[in-house]
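Once you've looked at the hints, dock chain B against the given chain A.
For the protein sequence lines, the chains are A and B, in the order given.
All residue numbers for the first sequence refer to my numbering, where the first residue is 1 and numbers rise by one.
All residue numbers for the second sequence refer to my numbering, where the first residue is 1001 and numbers rise by one.
Hints listed in this document are in silico derivations from the structure and should not be mistaken for laboratory results.
Check each hint, because a few of them may be wrong.
Facing chain B, a subset of chain A residues (Cβ under 8 Å, in silico) [as the list claims (entries may be wrong)]:
#	residue
1	LEU150
2	ASP158
3	GLY232
Capping the alpha-carbon separation at 35 Å, the derived lysine-lysine pairs in DSBU-like fashion look like this [claimed, not checked]:
#	chain 1	residue 1	chain 2	residue 2
4	A	LYS195	A	LYS56
5	B	LYS1185	B	LYS1119
6	A	LYS191	B	LYS1185
7	A	LYS191	A	LYS137
8	A	LYS195	A	LYS137
9	A	LYS159	A	LYS137
10	B	LYS1119	A	LYS195
11	A	LYS137	A	LYS56
12	B	LYS1185	A	LYS159
So, partial list: chain B residues that the calculated Cβ filter (under 8 Å) puts toward chain A [to be verified]:
#	residue
13	ALA1048
14	ASP1051
15	LEU1106
16	GLY1210
17	ALA1218
18	GLY1240
Even glycine gets a Cβ: it sits at the ideal position worked out from N, Cα and C.
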Amino acid sequence: MSWASGKTVLVTGGSQGIGLATAAAFRDAGARVHISGTRAGAGDYDDDLSGFVYHKAAMSEPEDRAALAAAIPVLDVLVNNAGMAGQDEYTLEGFSRIIEINLTSVMDLCLRFHPALAASQGAVVNVGSLSSFLAIKEVPAYTTSKTALLGLTRALGDKWSADGIRVNMVAPGFIETRLTGGMRADGDREKQLMKAIPMRRWGQPAEIADAILFLASPAASYITGQSLAIDGGLLLR
Amino acid sequence: MITLDFSGQKVLVVGGSTGIGNAAAQLFRAGGASVHVTGTRADAAAYAGTDGDLAGLTYHRLDIGDRAAVAAFDPGLDRLDALVIAAGMVMYRRAEFEIENFERVLSANLTGFMQLSTKFLPLLRAARGAIVNVGSVASFRGVVGQPAYSASKGGLLTLTKSLAMAFAADGVRVNLVAPGLIRTKMTEVTWADERRAAATVAAIPLRRLGEPGDVAGAIVFLCSPLAAYITGESILVDGGATA
Chain A
1 MSWASGKTVL
11 VTGGSQGIGL
21 ATAAAFRDAG
31 ARVHISGTRA
41 GAGDYDDDLS
51 GFVYHKAAMS
61 EPEDRAALAA
71 AIPVLDVLVN
81 NAGMAGQDEY
91 TLEGFSRIIE
101 INLTSVMDLC
111 LRFHPALAAS
121 QGAVVNVGSL
131 SSFLAIKEVP
141 AYTTSKTALL
151 GLTRALGDKW
161 SADGIRVNMV
171 APGFIETRLT
181 GGMRADGDRE
191 KQLMKAIPMR
201 RWGQPAEIAD
211 AILFLASPAA
221 SYITGQSLAI
231 DGGLLLR
Chain B
1001 MITLDFSGQK
1011 VLVVGGSTGI
1021 GNAAAQLFRA
1031 GGASVHVTGT
1041 RADAAAYAGT
1051 DGDLAGLTYH
1061 RLDIGDRAAV
1071 AAFDPGLDRL
1081 DALVIAAGMV
1091 MYRRAEFEIE
1101 NFERVLSANL
1111 TGFMQLSTKF
1121 LPLLRAARGA
1131 IVNVGSVASF
1141 RGVVGQPAYS
1151 ASKGGLLTLT
1161 KSLAMAFAAD
1171 GVRVNLVAPG
1181 LIRTKMTEVT
1191 WADERRAAAT
1201 VAAIPLRRLG
1211 EPGDVAGAIV
1221 FLCSPLAAYI
1231 TGESILVDGG
1241 ATA
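Just chain A, same shape as in the assembly (with noise of 0.2 Å):
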């Protein structure tokens, strides 16, 4: 039997991309999964969302956030995914927007779940990003929450230590989701960016869910407070 059968497990931003594979791989080992997502119901989607208990919940709106914790009593793994970059985060309007949705939904979500968490003595993953440790000049508030999203899993990894909860983090590289369909679209642009990935290909969704999934089974027991980058070697240039 797998360890994460009869688990519950939340996954913000389930709905799509990495989040839905994370979603799904949880699933498959036996979890109950939760899963949210901006749309009004899990029928607004493409992609089957049937295994899942789907929520509405934006990340930029504090009674959403309010609602979804209320509605989860019990839980084991909190995977804080949910997450967007915007066309105007070099307006200040723009910027706070994407710092509310990218890292401060995701403190708010692990201090809501913390008693949750500590009670079954499970473990958070957050999702950063390669932005986490270098610039992506277009996105200066994408890159400042992903970055203090690494500051953040260290400090919860530390100071949660103590009630048996461990926080990781993972970093993922460019991966073959909808989110980056233009940069594919794009022949040149693809080929200068594979040039840079020693792997020379895209990372696929499951790839990271695998990495996910790690770190929130007892396999990963005595690590907290760390990031994991899951880029094909990008990283390394």
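Only chain B this time, still in chain A's reference frame:
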């Protein structure tokens, strides 16, 4: 535990006769792999009474500080899916400040890794396999009494990255696990004394020393398809001590 299937695969754990390497070897074996291990003693029977469990493992004698012995080493493998290098040397009581000792430690921990990685590259390339080497918290920090050990482990970190870049085109991934203080025979001097151990544990957020199995989980993960897009990376397994 994560159920990982290594059936049909062959794994070599250098330094797999005791401690962290042995825990990893047994975890691979539980996953169905055919596992070869090396140690410095004459044969498997010589490990009776240690923390090493050699049941079901194929034992070879090897001193990774001996360049000629490593060059001649032939475990008779026709394929190799994962190479784990867990052998390591450390000296206490300022012995590493003697230049001969300094060289011995570097030769075992650093040059040994380089020699084994290049030696087994053809087999690993054919299997699109993985290398995991065992670094340390000392890959990231100085250690006042162990200049050679920390230099070797720091070197392993960048060597892991360099080899990851060099071998990526061959489909071979190279990663490192960096254990904190793990309760093994090698580190016994640091935890056998109760007062010293208590002071150490007080500085570890998870409030306990690590066990070999804690590190084995990370090693097996990095060798598995779960880590297919991870290369040149290091995972600290230290209970949050350096978080």
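Structure-based check of all given hints:
At a threshold of 8 Å, the smallest CB-CB gap from LEU150 (chain A) to chain B is about 10 Å, leaving the interface hint violated. Hint status for ASP158 (chain A) relative to chain B: holds, with the closest Cβ pair at about 5 Å, below 8 Å. Interface hint status for GLY232 (chain A): upheld, as the beta-carbon distance to the closest one in chain B is roughly 5 Å, under 8 Å. Restraint check: the Cα-Cα separation between LYS195 (chain A) and LYS56 (chain A) comes to about 39 Å, which exceeds 35 Å; the hinted pair is violated.
Distance hint between LYS1185 (chain B) and LYS1119 (chain B) is fulfilled; the C-alpha atoms sit about 28 Å from each other, no more than 35 Å. For the suggested pair LYS191 (chain A) and LYS1185 (chain B), the alpha carbons sit about 50 Å apart, so the restraint of at most 35 Å is broken. A threshold of 35 Å between alpha carbons decides the hint, and for LYS191 (chain A) with LYS137 (chain A) the separation of about 20 Å falls inside it, so the pair holds. The straight-line distance between the Cα atoms of LYS195 (chain A) and LYS137 (chain A) is roughly 20 Å, inside the 35 Å bound, and the hint therefore holds.
The suggested pairing of LYS159 (chain A) with LYS137 (chain A) holds, with an alpha-carbon distance near 32 Å, which does not exceed 35 Å. The suggested pairing of LYS1119 (chain B) with LYS195 (chain A) holds, with an alpha-carbon distance near 28 Å, which does not exceed 35 Å. For the given pair, LYS137 (chain A) sits about 31 Å from LYS56 (chain A) by alpha-carbon distance, which is consistent with the 35 Å threshold. Straight-line distance between C-alpha atoms of LYS1185 (chain B) and LYS159 (chain A) comes to about 31 Å, which keeps the hinted pair within the 35 Å bound.
At about 28 Å, the closest approach between the beta carbon of ALA1048 (chain B) and any beta carbon in chain A exceeds 8 Å, and the interface hint on this residue is violated. Checking ASP1051 (chain B) against chain A: minimum C-beta separation of about 17 Å lies over 8 Å; hint violated. At a threshold of 8 Å, the smallest CB-CB gap from LEU1106 (chain B) to chain A is about 23 Å, leaving the interface hint violated. Given the 8 Å rule on beta carbons, the hint for GLY1210 (chain B) holds: about 5 Å separates it from the nearest Cβ of chain A.
Taking 8 Å as the C-beta contact cut-off toward chain A, the hint placing ALA1218 (chain B) at the interface holds, the least distance being around 7 Å. Because the closest C-beta pair between GLY1240 (chain B) and chain A is about 4 Å apart, less than 8 Å, the hint holds.
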